[in-house]
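Asks: In case you want the letters, here they are:
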Amino acid sequence: MHELSIASAILDAVRKEAEKRPGAHVTKVGVRIGALSGVEPEALSFGFSVLVRGTDLDPLALEIEPVPRRQRCPACEFTFEVAEYSLACPRCASGETLLAGGDELDLAYLEVEE
Amino acid sequence: MDRIPLEKKVLSENDRIAARLRESFREHGILCVNLISSPGSGKTSLLERTLERFPKDARVAVLTGDIQTDNDARRLARFGFPAKQITTGGTCHLDALRVERALGDWPLENLDLLIIENVGNLVCPSSYDLGEAAKIVLLSVAEGEDKPLKYPSIFAKSELLVLNKIDLLPYVSFDIARAREYARQIHPGMEILEVSCTTGQGLDQWIQWLEKLREAVTSDK
Chain A
1 MHELSIASAI LDAVRKEAEK RPGAHVTKVG VRIGALSGVE PEALSFGFSV
51 LVRGTDLDPL ALEIEPVPRR QRCPACEFTF EVAEYSLACP RCASGETLLA
101 GGDELDLAYL EVEE
Chain B
1 MDRIPLEKKV LSENDRIAAR LRESFREHGI LCVNLISSPG SGKTSLLERT
51 LERFPKDARV AVLTGDIQTD NDARRLARFG FPAKQITTGG TCHLDALRVE
101 RALGDWPLEN LDLLIIENVG NLVCPSSYDL GEAAKIVLLS VAEGEDKPLK
151 YPSIFAKSEL LVLNKIDLLP YVSFDIARAR EYARQIHPGM EILEVSCTTG
201 QGLDQWIQWL EKLREAVTSD K
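Chains A and B are the protein sequences, given in the same order.
Per this note's numbering, residue 1 is the first one in the first sequence, and the count goes up by one each step.
Per this note's numbering, residue 1 is the first one in the second sequence, and the count goes up by one each step.
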């Protein structure tokens with residue numbers, strides 16, 4: 001359960017960005033959470049709401065975009081999203097595919113009102 | 001209402017410090033590995049068996065993370081190599097800043113190998129880069145063989161799986177073939193070593209694995 005630390009890092013980043021825009025009020029922050037990030041979106045939302053409450057940023061919405069794991073097939077150069085645990089290439093059936101993404105823990109955007 | 005794209009990492013501050021550590025390890029020719037497992041899989045035992053095999057003048061040091069107590073650092077200090085405890089006081093993982101602070105006064109030019117024993121946890125440590133050359137995940141046969149499927153993040157991100165306590169195989173229902181299969185399902189081509197810290201089986205291969213990785217890492221210098 002490290003979602004509280006992650007939520008705290010998101011808030012730090014929002015504050016830093018807000019300082020660059022005096023007078024603007026941040027209403028929403030968007031994050032991308034990969035399937036391999038080790039972060040549970042529900043726990044993150046909960047931790048975030050607890051940390052925001054009663055601060056100068058309250059109310060601040062958190063929007064989480066879950067991102068699936070992706071694999072790339074070196075044989076046919078196909079990149080695909082992984083459903084369940086099947087890492088074999090859906091195009092050429094090769095089992096030798098490589099990790100191509102899914103560990104995102106990214107700040108995607110802020111929404112502000114001037 | 002304006003939408004401002006940010007496109008940066010949530011843990012960019014951790015990643016910045018981790019990059020600084022990685023650069024420092026590279027400059028000093030140090031192999032740094034990050035050992036991760038559930039509580040009780042045998043990280044500290046593996047380190048004990050590892051340290052006792054090194055010659056007295058080996059340039060090796062250990063950082064060990066726990067929520068409370070310095071028991072592990074005391075266990076590891078008996079071998080005469082620098083061992084420092086990081087107590088996180090409740091936090092379930094190590095981060096790069098804690099590692100940098102713990103390294104503080106250590107002369108890195110005297111080191112070839114730094115082993116970081118993370119807090120016992122298969123989830124949270126997987127999100128934090130510590131500047132290591134490789135993450136290593138331990139799984140003991142006293143656990144479930146489906147752990148790679150349950151905790152895919154750490155198995156996908158680790159270079160090596162150490163299957164520990166294999167001397168217990170006759171007494172437990174652990175299906176080792178399945179465990180290997182699940183690990184490679186999550187991480188195709190993952191390297192796997194079978195080890196027993198009690199009988200010593202597999203320890204030579206483990207030390208060789210570290211030596212090979214150190215050669216690979218330092219030859220990039």
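There's no promise every hint is true.
[To be verified] List time: in silico BS3-like cross-link candidates among lysine-lysine, alpha-carbon distance up to 25 Å: (1) B:Lys56 with A:Lys20; (2) B:Lys56 with A:Lys16; (3) A:Lys16 with B:Lys84; (4) B:Lys84 with B:Lys56; (5) B:Lys84 with A:Lys28; (6) A:Lys16 with A:Lys28.
None of these hints come from the bench; they were simulated from the model.
All values derive from a computational prediction rather than experimental measurement.
Asks: Which constraints among the numbered hints does this structure fail? Numbers only, ascending.
Replies: Violated hints (numbers, rising): 1, 2, 3, 5; every other hint is consistent with the structure.
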